[in-house]
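Novice: Sequence:
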Amino acid sequence: MPKAIEFYKLTEQFYIDNKDNTQILFNKGGRGYGVILVKILGCDFAIPLHSNIKKGFILGINQETGIKHGLDYLKAICITDKTKYIGDRYYLKERQEFNKINNAQKHIIQEFEKFVKKYIKAVQEQNENILRTNYRNTTLVYYHHLLGITTK
Numbered sequence: 011m012p013k014a015i016e017f018y019k020l021t022e023q024f025y026i027d028n029k030d031n032t033q034i035l036f037n038k039g040g041r042g043y044g045v046i047l048v049k050i051l052g053c054d055f056a057i058p059l060h061s062n063i064k065k066g067f068i069l070g071i072n073q074e075t076g077i078k079h080g081l082d083y084l085k086a087i088c089i090t091d092k093t094k095y096i097g098d099r100y101y102l103k104e105r106q107e108f109n110k111i112n113n114a115q116k117h118i119i120q121e122f123e124k125f126v127k128k129y130i131k132a133v134q135e136q137n138e139n140i141l142r143t144n145y146r147n148t149t150l151v152y153y154h155h156l157l158g159i160t161t162k
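In my numbering, the protein residues as written are 11 to 162.
Worth flagging that the hints you see were computed from the coordinates, not collected in a lab. Predicted, not measured: the structure shown is a model, and the values here were computed from it. Incorrect hints may have been included.
Okay, derived cross-link-like pairs now, PhoX-like style, lysine-lysine, Cα gap no bigger than 20 Å in a straight line [claimed, not checked]:
#, residue 1, residue 2
1, Lys110, Lys65
2, Lys92, Lys49
3, Lys127, Lys64
4, Lys29, Lys19
5, Lys127, Lys116
6, Lys110, Lys13
7, Lys110, Lys78
8, Lys94, Lys49
9, Lys13, Lys64
10, Lys124, Lys65
11, Lys19, Lys94
Simulated restraints on C-beta separations [stated by the list, open to error]:
#, residue 1, residue 2, range
12, Lys128, Gly76, 22 to 32 Å
13, Glu123, Thr143, 32 to 42 Å
14, His155, Glu121, 23 to 33 Å
15, Ile15, Asn62, 19 to 29 Å
16, Gln136, Arg105, 39 to 49 Å
17, Lys128, Lys49, 14 to 24 Å
Idealized CB from N, CA, C, for every residue including glycine.
Input sequences plus hints: build the corresponding full structure.
Specialist: Okay, here's the thing in structure tokens:
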């Protein structure tokens, strides 16, 4: 059985060092976002918990508004220095949500890796239709050098 998933906050230093990267979810009111760490394709990614997500692992949907919340693949960030950028543990309010993510660890990793590989392929092939439709406002644009992305 895999180890229980852990959630963390990003450090204030992360937000300072990435202040010009406009697609990153910023620390609003000192609250910060909970993230899980996933290693794929040689990068340590932090995938944030977020509401109003378009692409990701859906935890639930607000029945009144239709807004989805869960792990937001579009806003995942590559962590180049865990000591510098990964802070305190983050605890979910709802045990049910923790269990849903924890029980789906393998699925989340596979789904996220597929998501990133599809992005890499779309960039390399300069497929504007896929990029515009599936990856608008993604943070992956900041990590081409770490993902080995080259364009034709």
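Novice: Evaluate each hint against the coordinates.
Specialist: Taking the hints in turn, this is what the structure says about them:
Taking the CA atoms of Lys110 and Lys65, the gap is near 17 Å; set against the 20 Å cutoff, the hint holds. For the proposed pair Lys92 and Lys49, the alpha carbon gap of about 12 Å is at most 20 Å, so the pair holds. Restraint check: the Cα-Cα separation between Lys127 and Lys64 comes to about 18 Å, which is no more than 20 Å; the hinted pair holds. Only pairs whose Cα atoms come within 20 Å are accepted, and Lys29 paired with Lys19 is accepted, the gap being roughly 16 Å.
Distance restraint check for Lys127 and Lys116: the Cα-Cα separation of roughly 17 Å lies within the 20 Å cut-off, and the hinted pair is therefore satisfied. For the suggested pair Lys110 and Lys13, the alpha carbons sit about 14 Å apart, so the restraint of at most 20 Å is met. At most 20 Å may separate the alpha-carbon atoms for a hinted pair to count; Lys110 and Lys78 meet this at roughly 15 Å. Under the criterion of a C-alpha separation no larger than 20 Å, the hint pairing Lys94 with Lys49 is consistent with the structure, at around 17 Å.
Among the hinted pairs, Lys13 with Lys64 is inconsistent with the structure: their alpha-carbon atoms are about 28 Å apart, more than 20 Å. For a cut-off of 20 Å, the pair hint linking Lys124 to Lys65 stands: about 12 Å separates their Cα positions. Between Lys19 and Lys94 the CA atoms are separated by roughly 12 Å; this keeps the pair inside 20 Å, and the hint holds. Checked against the hint of 22 to 32 Å, the C-beta distance between Lys128 and Gly76 comes to roughly 25 Å, which is consistent with it.
Taking the beta carbon of each, Glu123 and Thr143 are about 20 Å apart, not inside 32 to 42 Å as hinted. Hint check: His155 to Glu121, Cβ distance near 24 Å, so the stated range 23 to 33 Å holds. Checked against the hint of 19 to 29 Å, the pair Ile15 and Asn62 passes, with Cβ atoms roughly 22 Å apart. With their beta carbons about 45 Å apart, Gln136 and Arg105 fall inside the hinted range of 39 to 49 Å.
Between Lys128 and Lys49 the CB atoms are about 18 Å apart, so this pair conforms to the stated range of 14 to 24 Å.
The earlier numbered hints that this structure contradicts are 9, 13.
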